[in-house]
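Asks: Sequence:
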Amino acid sequence: MKRLFFATVLLCLTITGAFSEVLFSHINMNSENLFLFSAAEFFPGYGDFQTLFTGSADDGDFYPLTFFPEKSWFNRETEKLYVQNRFGLYVSRPGFKGMTPVASFPSFADGEYIKDGKIPPVVLSPDGTKILYVKVLSRVSAGLYLFDIQSGEHFNLETTIDLQYEGEYALWSPDSQMFIYSREEKLYYFSLEQFEENRVLNEPLRVVGEGKLNSISWNEEEESSILYFINKGIVYRLNSSDIFTRSLYSGEFNMSSVTGRVPFDFDSRSDSFTISPDGMRGLVIRKGGDLILYDMNKTDYRADGKRVRSLPYLQLPRSMKVKQILWAESGKLAILASNRNSGESMVFTHDPKGDSPLEFVQTVDRGIVAMSLSPLEDRIVLAGEEGVTLRTFTSWSVLAYRVHSSPVNLFWVDNYSVLVAGARNSLVYNFRDDTSYLSFFSQFDSTGFTKDGRIVLRQDDVKYLYNEYDGTWTSTGRYTTVVDPVTFTEDFRIYSETAPSSLYSNRIMIKEAGSLQSRPLFEAPTAVYDPFPEKEEASDGIVFSHGSRVRAREVALVFNLTNSVEGLPEVLNVLSDYRIRSTFFVNGEFIRRHPDAVVELEKSGHEVGSMFYADFDMTDSRFNIDEDYIRQGLSYNEEEYFSATGRELEPFWHAPYYFENSTIINASAKQSYIYVGRDFDTLDWIPKDGGGVLGNLYLRGSDIIERIMKFKKPGSIIPVTIGKEAYRDDYLFDKLDLLIEALTASGYELVTVSDLIGNSR
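Going by UniProt numbering, the residue at position 132 of the sequence shown is 132; the numbering climbs one at a time, nothing skipped.
A few of these clues could be false.
[Unchecked claim] Taking lysine-lysine pairs in the DSS-like style, the calculated list, with each CA pair at most 25 Å apart, reads:
id: 1; residue 1: Lys186; residue 2: Lys287
id: 2; residue 1: Lys724; residue 2: Lys603
id: 3; residue 1: Lys97; residue 2: Lys80
id: 4; residue 1: Lys212; residue 2: Lys71
id: 5; residue 1: Lys323; residue 2: Lys724
id: 6; residue 1: Lys232; residue 2: Lys688
id: 7; residue 1: Lys71; residue 2: Lys130
FYI, nobody ran anything at the bench for these hints, they're computed from the structure.
Produce the complete structure using the sequences and hints provided.
Replies: In structure tokens:
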């Protein structure tokens with residue numbers, strides 16, 4: 001067992017970073033040497049936010065006063081709320097009145113740097129005593145660590161997993177005695193009992209089966225942790241001892257207890273599986289949008305006089321994906337589906353004992369971001385953009401509504417009270433007594449000190465006084481006087497200075513009276529970006545295959561839409577999260593097959609170029625590719641796009657498979673088109689079973705990212721194929737956030753092809 005003791009002293013920290021820099025401001029100090037400052041940053045999926053800190057110049061210690069809930073969880077065993085953001089991990093104070101740092105967990109206040117971009121979530125054990133977290137090892141991998149909340153100890157589990165920023169990378173058993181994790185399309189178990197007794201088996205002996213975490217579902221049945229696993233079309237049921245035995249002796253589930261079947265091969269790359277609380281039904285979501293509810297029946301070969309009945313089925317719009325599933329002990333389901341790019345959402349219910357047992361019923365709720373089922377499962381709360389609705393779970397009748405701006409998540413903290421974690425503040429609503437109180441602030445509008453040195457925070461024209469002894473805020477009169485900011489006392493001076501070549505725009509300095517030197521409140525990590533080439537790389541002037549190599553550190557991701565729409569919603573969501581405008585290429589076949597997808601693409605604000613009117617190999621001798629053919633094909637595609645969207649394509653294109661010759665180039669130039677090439681082939685289109693030369697070029701998505709990072713340069717055009725026509729273990733577009741994080745960490749700004757063209761002139 002390896003123990004890690006964190007005593008981080010940042011003397012000279014050098015890390016890679018992204019373009020968005022942390023800005024520190026609102027610097028202020030009272031006569032008791034207590035200071036204030038804020039940290040402002042953009043993070044994907046939410047936008048810009050600022051966190052307020054306070055500390056003492058006497059010892060240099062500081063801590064946050066506001067807590068933005070980038071990630072949040074409620075643990076029912078300990079009755080505590082946990083909030084994770086880029087500054088650290090925090091837990092609720094008694095009565096949910098305030099938040100406090102989780103002791104001994106790495107944080108900005110304890111010397112960790114502030115990460116930009118997305119942050120990997122921690123995974124809290126069901127009993128609330130352990131936390132799994134990761135340390136980034138590379139652009140695509142991470143090391144898995146265990147944190148004991150009670151002892152404050154950290155343990156290196158000596159396990160490497162695929163890095164991810166969305167979803168969970170491990171699933172705890174209900175009894176918190178083991179967890180399942182995945183790596184390279186295999187599932188592994190990790191037993192805490194084996195770990196504590198120093199008898200952890202080598203990883204190959206802990207293989208649970210083929211697949212990913214969406215292939216499994218844990219249940220607690222008769223006080224035991226039961227694992228359900230779907231492989232191809234068969235559902236297996238295992239208890240803890242079964243997992244140990246099957247992993248050790250077979251490495252697969254082929255000898256395990258069969259509990260049900262589905263009439264198709266489950267694909268862990270795109271499908272997901274959830275079991276009902278009683279283990280009698282399973283919900284399969286195919287390709288993120290087709291929901292099918294099955295009875296767990298392993299005797300499906302013969303009818304034997306049984307009544308054959310239809311199964312509940314729901315087909316979501318392809319732009320929407322399931323965000324949340326609530327499954328009650330009664331068997332009733334509530335499903336939230338959403339499209340992050342457009343902000344649309346839908347809520348569906350299914351009640352096997354209701355009036356429509358074979359249907360998923362859409363509710364009237366719109367703009368929902370989160371749901372939570374009461375402990376007694378008789379009521380449900382739904383968080384919308386401007387408030388929270390309380391409904392009965394059986395009849396779906398409205399019981400109450402509370403205005404709450406920009407909720408992010410919500411949790412039942414007892415049978416009558418709901419904590420709403422919001423982008424501005426978090427409140428606890430008691431629906432029985434019709435009361436509410438402030439839990440914590442996520443952001444602030446302004447801040448300062450009163451004449452007697454107390455901290456004041458203003459939000460929505462209401463001022464609040466901070467109680468430093470219990471971490472609570474109390475509203476005060478609107479006429480409470482806030483004195484002008486002061487940056488010095490008799491003992492200290494506090495100020496900011498620029499932080500060149502850093503991930504931070506500036507840093508905060510403290511100078512003691514009579515001292516010749518100032519000391520930084522925290523170290524500003526050095527940014528290490530890719531160097532520019534020594535000289536410009538000329539373009540041939542006919543094919544635009546890259547932008548300037550020396551004028552700006554920028555690249556263009558271009559997305560090619562050929563036939564399949566699979567992956568497009570996820571790509572648009574990720575680009576929206578990062579506020580990136582990109583370039584897409586579409587052909588006529590895609591426009592005709594998916595006109596509504598093309599409309600959403602146009603509405604998303606991205607630029608769209610042409611990929612000809614049809615998808616075919618232009619080197620095929622059966623086709624007579626002359627200039628007239630090229631001009632007609634480009635014109636046909638223009639008409640298809642205008643008919644679908646009412647807008648024109650951008651005046652650039654590339655042929656299918658990036659084929660080019662003088663005939664193609666000259667013909668398109670006469671149509672005032674710019675032919676857009678590429679720096680290098682990402683190879684993301686090569687199928688796993690390609691065979692021959694193609695088979696030797698096959699790379700997993702993580703390896704493709706490493707290839708891109710090896711060959712990219714300033715001005716690079718990096719193609720990404722959208723669609724799942726080629727069979728692969730994974731797809732580059734599914735790891736788009738990893739690619740974006742890797743590029744920005746090397747100092748690159750992601751721009752459109754038009755930007756590259758304009759900046760190269």
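Asks: Look at each hint and say if it fits the structure.
Replies: Structure-based check of each hint:
With a C-alpha separation of about 19 Å, the suggested pairing of Lys186 with Lys287 holds against the 25 Å cut-off. Using a Cα cut-off of 25 Å, the hinted pair Lys724 and Lys603 holds, with the two alpha carbons roughly 24 Å apart. Of the pairs offered as hints, the one joining Lys97 and Lys80 holds, with about 11 Å between alpha carbons and a cut-off of 25 Å not exceeded. Distance restraint check for Lys212 and Lys71: the Cα-Cα separation of roughly 22 Å lies within the 25 Å cut-off, and the hinted pair is therefore satisfied.
A C-alpha spacing of about 21 Å is found between Lys323 and Lys724, which places the hinted pair at or below 25 Å, so the restraint holds. Taken as a hint, the Lys232 and Lys688 pair is honoured in the structure, with Cα atoms around 18 Å apart against an allowance of 25 Å. Taking the CA atoms of Lys71 and Lys130, the gap is about 17 Å. The hint holds against a cut of 25 Å.
Hint violations for this structure: none, all hints satisfied.
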